[in-house]
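There are 2 protein chains.
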Amino acid sequence: MCGRCLSEAVRVFKVENIKEHLEKSNFDSQALLKALSKHISEPVRIPLYVLRKLPNILRKKEYSFFVILGKKENEWKVLEIFNELPENVLGVAIDLGSTTIAFYVYDFLKNKLIKKFSIVNPQVKIGEDILTRLHFARKPENLKYINQITIEAINRELEAIDYKNIYYLSICGNTAMYQFLTNLPVDYLFIEPYTPVTNWYGVLEAKDLNLETHPLAKVFIFPCAGSFLGGDIIAGLYFSEIHKKEDGYYFYIDVGTNAEVILGNKDFLLTCAGAAGPALEGGIFDCGMQAEKGAIETVEIDILQKKIKYQTIGNELPTGICGSGVIDLVAQLFLNGLIFFDGKFSPVFFKERFKKVNDELAFIIAFPEETANKKEIYIKESEIKSFLKSKSAMFSMLYLLCKKTGIEFEDIKNFYIAGSFGNHIKVKSAVMLGMLPEIALERTIGLGNSAGKGALKFLKNANFSEIKDIMEKITYLELNVEPEFMKYFSGAQLIPNVNLEMFPLS
Amino acid sequence: MCGRCLSEAVRVFKVENIKEHLEKSNFDSQALLKALSKHISEPVRIPLYVLRKLPNILRKKEYSFFVILGKKENEWKVLEIFNELPENVLGVAIDLGSTTIAFYVYDFLKNKLIKKFSIVNPQVKIGEDILTRLHFARKPENLKYINQITIEAINRELEAIDYKNIYYLSICGNTAMYQFLTNLPVDYLFIEPYTPVTNWYGVLEAKDLNLETHPLAKVFIFPCAGSFLGGDIIAGLYFSEIHKKEDGYYFYIDVGTNAEVILGNKDFLLTCAGAAGPALEGGIFDCGMQAEKGAIETVEIDILQKKIKYQTIGNELPTGICGSGVIDLVAQLFLNGLIFFDGKFSPVFFKERFKKVNDELAFIIAFPEETANKKEIYIKESEIKSFLKSKSAMFSMLYLLCKKTGIEFEDIKNFYIAGSFGNHIKVKSAVMLGMLPEIALERTIGLGNSAGKGALKFLKNANFSEIKDIMEKITYLELNVEPEFMKYFSGAQLIPNVNLEMFPLS
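Listed in order, the protein sequences are those of chains A and B.
Counting in numbering that gives the first Met the number 0, the final residue of the first sequence is number 505, and the numbers go up one at a time with none missing.
Counting in numbering that gives the first Met the number 0, the final residue of the second sequence is number 505, and the numbers go up one at a time with none missing.
No lab work stands behind these hints, which were simulated from the structure alone.
Careful, some of the hints might be misleading.
You can't tell identical chains apart in this list, so a pair holds if it fits in one copy or across any two.
[What the hints assert, rightly or not] In the DSSO-like style, the derived pairs of lysine-lysine whose C-alpha atoms are separated by at most 30 Å in a straight line are: (1) Lys244 with Lys115; (2) Lys138 with Lys18; (3) Lys18 with Lys472; (4) Lys23 with Lys467; (5) Lys143 with Lys59; (6) Lys138 with Lys76; (7) Lys472 with Lys23; (8) Lys33 with Lys76; (9) Lys76 with Lys467.
Assemble the whole structure, with the sequences as input and the hints as a guide.
Structure below.
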């Protein structure tokens, strides 16, 4: 017998000639368990579905056959037996984001990622923001509806894969996404004290969630640590491996609708979350968009030449500006004297770039003739103010976590930034604006979709105790009961900061 | 919070005011687990079905509600939550016999058996004997059919109870019954080396067997120790508690289609099985029947008065003769010189009682005018011979087990006899015929349906490790590889026995 797959979530073995075990034990199941016991130390269970096939498959081809096993928390379950190995033995990691659902298809036989893609979360049609969806889902029939459209959207993608050979799913998402996915009442999720139904889903049966997979496929749902600290963050931390770091301290920063910031290492994970994100998320600004093709991601203003150079993702004609583009833009506006330290426009130069939008002053980044949809791309003064609030919240959270732990920014080994935001952010601009401390210039690492990558990591190593370890290390700091936070927050809304203690002018 | 039920299979708790736990943990599930942790040391899981109800039920009635938990091997599962306790919280123990299915309805709230009844196994219509059914079930569609009629028959009885409040089933039966119940292929069960698919079913979901119960009800299926040593024997041993006895040695004897004999105590359980049963089972003899109302169970012959006195179960008009009646009858025939020591008739006296049936001499026990169906009740010479084979097999098994272990019959503390046979057998007659050793006269205890009582015991104490302990202690002795057995067997076919070593005339 030999192992054919290196994953800790799904194992494939070839069992050869177990006639001897069969003669000794005189039970088909015992013979199989005996053969497997050489390779697996945890208990193994054989469900009825497999027992029904076992007697005949076991005796064919000179007692040689393939066994597929799936991991549960403290045991393995035999999921399938075959005389011939199927072409595919697949797992799918899913990052169930509120805007986008990302899929990672993993081939357990080849031990590699074979496909990744994403779709728009169908819940968007109910409401862009989560609060709208939560309100909608208060009626049980609406909850059921939102659950169904989510499952259907996922199933459409699974069906396009070889779904009968999907044996394991690993899913992460925020707390609301989880309760929509599993059809749990959300009534108490958006009223104080914001109580989720559960933090630990563990390993469920795909069929209990109506997911289209192999009939015995398992679904691991990453635990969540609180209503504001979802399973996507836990999956991201699991990917970042901060919780294993022995040297120094690390920041994990995730900017989405909210911003979640975690400071720690192998000894602790101190975390807080706040509304730092909105201004950096697509869809909030008039011309805002997600970090996808056509989004302006870097901006350079040459006031003497009266020129603006920008780069878009994919080098396509621009259709809007993404979060990292906004950071770059505001930094350039400030450096070129086009805004004051409080974010107000100074429309003395470059007048052709200013116009009124709904009675409000706005700065034009791209004129209609330059853009993909022939609509100008601009930023309003109120949008800049909104961004400055976001950047202030971000910096104040970093500062507060350091203060609480007595750690200096210099002691931070790395700033891990999650999401595509982390891949595109121009750290120099962020530092210049006082969004990140200066030390971040050299020490920032973009992780990409670390939540999705964490879910994918689970398909490879299924380390339940590591995930429980993360859960145990996490302490959540409630910002609204921290008076210092508001003090830091108001000062940090200016560029770069009014508080010299927080932001020494080095 | 207080426990409301003493069972180890199902527990009912009243949870009161868990607001405090909720405030500390801020997850509904965590609050419930915290409340339960005071009473339960094993891990507790809360399935989605319960999580979906939890947020609303938890907050009603000042945070007070009832929780029903069911035991799995190493953990408890929350099966239901209610604000008001239902009238019934039930379990059903089922002895799935090949002829009769016996039901025991247990009330977990009152901690008592509230109802017992039995039905005819619907498989009987396919064939009286198991071999016919096994042959029939070789075709997958026939297996499915036999599975369906079995499940349907059980469901009809469950539906007549408050089935939605049945939370636990405990089932025992022989190996063939198990594979029919769970729809497992029987192809290798009746060809050498008679390999069952599995020995350990563990705790299954009632819905996976299509049983009509509470949607989350658990089903424990007693393990079997071999194709000839089914879960009914394990359940019977579990009830008898031989495996715990510290003083001396014990026999457990079950006479059904086969006879199974176990010798042992807390240190070992040596077992063998053979075709000792048939002659004592209803349906084999022309006038044979099961030990039920109308069956002749004792016989007294007064050759001088030319009278036969008999007693029937329930004191009704006779309709046939059951196993224990046959033992009594043959003993009386021998004592009155109506048969020789080899079982042949000596039709010198009492001539009016002899007649030919299909060219064979037969003895009439009851004339047509005495019986319920106005048909005479008789025993043929070949039937007496067949009985003598059964009694010989029985005695030879007892003797062989003692020989193998070096134990004398005197060292046997008790002979436990399972089944209604054990309740009706006239031990004096059995000893006189050489079926049981003389010492059995004082030391025989009828256990009644010990298999069913073992299944019922599980609903009370759900002691998985005790059952595994039985499994580990059992050693199975194959009679057909024991040359001594055939030697004992031929000698013991005479009355009482030709082998003085085996049967000293004390």
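Verification of the hints:
Within a single copy, Lys244 and Lys115 get their C-alpha atoms as close as 29 Å, which meets the 30 Å cut-off; across copies the closest is 63 Å, which misses it. With identical chains, the CA atoms of Lys138 and Lys18 are at most 30 Å apart between copies only, with a shortest distance of 25 Å across copies and 58 Å within one. Taking identical chains as interchangeable, the C-alpha atoms of Lys18 and Lys472 lie at most 30 Å apart only when they sit on different chains, with a minimum of 25 Å there against 49 Å within one chain. Within a single copy, Lys23 and Lys467 get their C-alpha atoms only as close as 40 Å, which misses the 30 Å cut-off; across copies the closest is 19 Å, which meets it.
Taking the shortest alpha-carbon separations for Lys143 and Lys59, only the inter-copy value of 23 Å comes in at or below 30 Å, while the best intra-copy value is 46 Å. In this assembly of identical chains, Lys138 and Lys76 lie within 30 Å of each other by CA distance solely across copies; the values are 28 Å between and 37 Å within a copy. Proximity of Lys472 and Lys23 under a CA criterion of 30 Å is satisfied inter-copy only: 17 Å between copies versus 48 Å inside one chain copy. Both within a single protomer and between protomers do Lys33 and Lys76 lie at most 30 Å apart by alpha-carbon distance, with minima of 14 Å and 29 Å respectively.
Taking the shortest Cα distances, Lys76 and Lys467 sit within 30 Å of each other both inside one copy (21 Å) and across copies (20 Å).
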